[in-house]
Amino acid sequence: MASERQIAANRANARKSSGPRSSAGKSRASRNAYRHGLSLSVGTNAPLAPQLETLARKIAGNAVDAITLERAREIAQAEFDLARVRRAKVALIESARACAAADRPPMPPQDPDQSAEAVRRVLPDLRKLDRYERRAAVQRDRAVFGFYGREKFSNNPKL
Amino acid sequence: MRRRNELAVLPKLPLLITESADEFDALRDAFEQEIKPRGIIEQMYVHDFCSIVWEILRLRRGRAAIVNAAFRDALVHVLTECLTKPGKLQLDLDDQVQTLALAWFKNEQGKKRVAKTLNESGFDEYAIEGEAIRRSSSALELLNRMLASLEARRDKALRCIGDYRDGWGRQLRGLSDRMIEGQDVPVLVHASSEESAA
Numbered sequence: 002m003a004s005e006r007q008i009a010a011n012r013a014n015a016r017k018s019s020g021p022r023s024s025a026g027k028s029r030a031s032r033n034a035y036r037h038g039l040s041l042s043v044g045t046n047a048p049l050a051p052q053l054e055t056l057a058r059k060i061a062g063n064a065v066d067a068i069t070l071e072r073a074r075e076i077a078q079a080e081f082d083l084a085r086v087r088r089a090k091v092a093l094i095e096s097a098r099a100c101a102a103a104d105r106p107p108m109p110p111q112d113p114d115q116s117a118e119a120v121r122r123v124l125p126d127l128r129k130l131d132r133y134e135r136r137a138a139v140q141r142d143r144a145v146f147g148f149y150g151r152e153k154f155s156n157n158p159k160l
Numbered sequence: 175m176r177r178r179n180e181l182a183v184l185p186k187l188p189l190l191i192t193e194s195a196d197e198f199d200a201l202r203d204a205f206e207q208e209i210k211p212r213g214i215i216e217q218m219y220v221h222d223f224c225s226i227v228w229e230i231l232r233l234r235r236g237r238a239a240i241v242n243a244a245f246r247d248a249l250v251h252v253l254t255e256c257l258t259k260p261g262k263l264q265l266d267l268d269d270q271v272q273t274l275a276l277a278w279f280k281n282e283q284g285k286k287r288v289a290k291t292l293n294e295s296g297f298d299e300y301a302i303e304g305e306a307i308r309r310s311s312s313a314l315e316l317l318n319r320m321l322a323s324l325e326a327r328r329d330k331a332l333r334c335i336g337d338y339r340d341g342w343g344r345q346l347r348g349l350s351d352r353m354i355e356g357q358d359v360p361v362l363v364h365a366s367s368e369e370s371a372a
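If you read the sequences in order, they're chains F and R. Count along the first sequence starting at 1, add 1, and that's the number in the numbering used here. Count along the second sequence starting at 1, add 174, and that's the number in the numbering used here.
Incorrect hints may have been included.
Here are the simulated PhoX-like pairs of lysine-lysine, each with C-alpha atoms no more than 25 Å apart in a straight line [stated by the list, open to error]:
# : chain 1 : residue 1 : chain 2 : residue 2
1 : R       : LYS262    : R       : LYS290
2 : F       : LYS129    : R       : LYS330
3 : R       : LYS285    : R       : LYS186
4 : R       : LYS285    : R       : LYS259
5 : R       : LYS186    : F       : LYS129
6 : R       : LYS186    : R       : LYS210
Far from chain F by the CB rule (all over 12 Å, computed), these chain R residues [claimed, not checked]:
#  : residue
7  : PHE205
8  : ASP222
9  : ARG232
10 : ALA238
11 : HIS251
12 : GLN270
13 : SER295
14 : GLY296
15 : SER312
16 : LEU317
17 : MET320
None of these hints come from the bench; they were simulated from the model. Every residue gets a Cβ at the ideal spot worked out from N, C-alpha and C, and that includes glycine.
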């Protein structure tokens, strides 16, 4: 058990390290929890806005009322969220492929296909991304069935 | 032309450098001929379906890579078991095993030498494969879970198309009933498929 002196020292040390003080440090620390940003919707991504709007209008068809358009936007947004997770997966495999090419063990004749080997290396990470992909797909399906005013999706256990 | 326009507004499936865009397009064309999607929503689901199938194929190739990656260690393990004899120096044993393992990967002659060594101890080449699978069982299990998840989502995408068509059909039936009865005709929500349905 820590003595009174140790406890006091620990408290004094803790007071000294209470996080970054400069604005640059604070800015960096604010992104400590940031991993891949996949939990954020692409709706927050301004460069994608025109593509999102094009798809939403295509989905809405001739409908011009705001509610229909907004629901069509939900579908488009979920579709782009799904595509973004797929892009993240491909980027992950590609980076592993690049690393694998650098440190491959010297057994070339039966060397498996490079990409397949990369998939093997990043399998646990791909599994984690799978969760985000499933979530985006569910959101898209809900939006689609909500768009057509159907309750079936949320009640149907097979979906 | 209409199909191309619809596909252009959908986000493209990113492919690996080693994958062929033509092969993916051929796969999607084959599914489109079967499913015959109408309207952007059905196109979206068919695209999703193809993307999932593509990923399943990618992961299946990964399954072979998993076993192949464990093959060298498995080979060394099996050879060590075969060549271990009482009184034999560990250094000599390691040397012999490494030489044979390397020979396996070099040419057919090397493979025959390894096969002969295995046969002398009552093993065959399947012993190496079995050991490789045993060593990679946790990775294979993870891969199988991912494949199962993808297969469930693939089936769900198909069901979504069916449900969507079902709902669209009911809307049309309701509309035609109201028209026949001379009631006010509301605007169909399913506006995006009007062109294709016409």
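Hint check:
1. LYS262(R) <-> LYS290(R): Cα-Cα ~20 Å, so holds.
2. LYS129(F) <-> LYS330(R): Given pair LYS129(F), LYS330(R) holds - Cα atoms ~20 Å apart, limit 25 Å.
3. LYS285(R) <-> LYS186(R): violated, 45 Å
4. LYS285(R) <-> LYS259(R): holds, 22 Å
5. LYS186(R) <-> LYS129(F): holds, 22 Å
6. LYS186(R) <-> LYS210(R): Answer holds: LYS186(R) to LYS210(R) is near 20 Å, not above 25 Å.
7. PHE205: The claim stands: PHE205(R) keeps its Cβ more than 12 Å from every Cβ of chain F (closest is about 17 Å).
8. ASP222: It is violated; ASP222(R) is separated from chain F by about 7 Å at its closest Cβ, not greater than 12 Å.
9. ARG232: Non-interface label fails for ARG232(R): nearest chain F Cβ at 6 Å, not farther than 12 Å.
10. ALA238: At about 6 Å from chain F, ALA238(R) fails to clear the 12 Å cut-off, so the statement is violated.
11. HIS251: For HIS251(R), whose nearest Cβ neighbour in chain F is about 15 Å away, the distance exceeds 12 Å, so it holds.
12. GLN270: Nearest chain F Cβ is 18 Å from GLN270(R), so the label holds.
13. SER295: Non-interface label on SER295(R) holds, nearest chain F Cβ at 23 Å vs cutoff 12 Å.
14. GLY296: The assertion about GLY296(R) holds, with a minimum of 25 Å to chain F.
15. SER312: violated, 10 Å
16. LEU317: violated, 6 Å
17. MET320: violated, 6 Å
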